[in-house]
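Produce the entire structure from the sequences given, and follow the hints as far as they go.
Heads up, the sequence shown is in my numbering, so the first residue is 383 and it goes up one at a time.
If you're looking for bench data, these hints aren't it; they were derived computationally from the structure.
Taking lysine-lysine and the BS3-like style, the derived pairs with C-alpha atoms no more than 25 Å apart in a straight line are:
hint, residue 1, residue 2
1, 451, 548
2, 518, 434
3, 466, 586
Just so it is clear, the structure is predicted and the values come from calculations on it, not from any experiment.
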Amino acid sequence: MELSRREIAAITNVANGLGERKCIWPAPYNVDTIEALMGFVLIQTTWNEAAKEFQQMPDRKYIRKWVKKWYENRSRSGTMVTEKCRRMVISWVSRSCELWDMGLRRGDFLLVGEDLEAAAKQMWRYDCLYGQLKKKNPTWKLPEITTHKYAGERQLKSVQLANGSKSSYANGESNSIQGDGLAGVVCEEPSLYPYATAILAQSKIVTQGA
383 MELSRREIAA ITNVANGLGE RKCIWPAPYN VDTIEALMGF VLIQTTWNEA
433 AKEFQQMPDR KYIRKWVKKW YENRSRSGTM VTEKCRRMVI SWVSRSCELW
483 DMGLRRGDFL LVGEDLEAAA KQMWRYDCLY GQLKKKNPTW KLPEITTHKY
533 AGERQLKSVQ LANGSKSSYA NGESNSIQGD GLAGVVCEEP SLYPYATAIL
583 AQSKIVTQGA
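Here it is, written out as structure tokens:
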């Protein structure tokens, strides 16, 4: 009998000691605290498109303040709006926070961009961050990440961690978001969306769950 990809992944997870709600991060990042999240974000390596090189996440006061606000917002399941300039690395910081949350517990995210191409580029950042963590920390023995390619270089439709957490993409032209019980809906540059109000309203609904 031929096994499906989902069944193979489930068997692999069991073999690796990973359950559906197993945390994949090592100490001290495997606890639900602001200190764990802050440390996780600041060890990240980001990709600088202009310089065409990987760079260490900068330790800046505004980053620490933003991460704290993100954690507080997550704890109360609220809506967080950030106004930023392109010289800031907030999008990378946000992907880092979401990646930590997905690895800490079983939970799905939806990442929305102006169009599918923009969303796919942001989706790739999960894979980039995870790949750098895996490369720089071999003793962590991080399991493989599953990706679904969109098109071109550094563009993905979805990523899934070994504990079952998944992030998928959507575009700003949608007037509704399907699903329920999402851990979070992330909108990049929503001022460019044709139906931003509808998406933000729907995000409040689909993030309501256990």
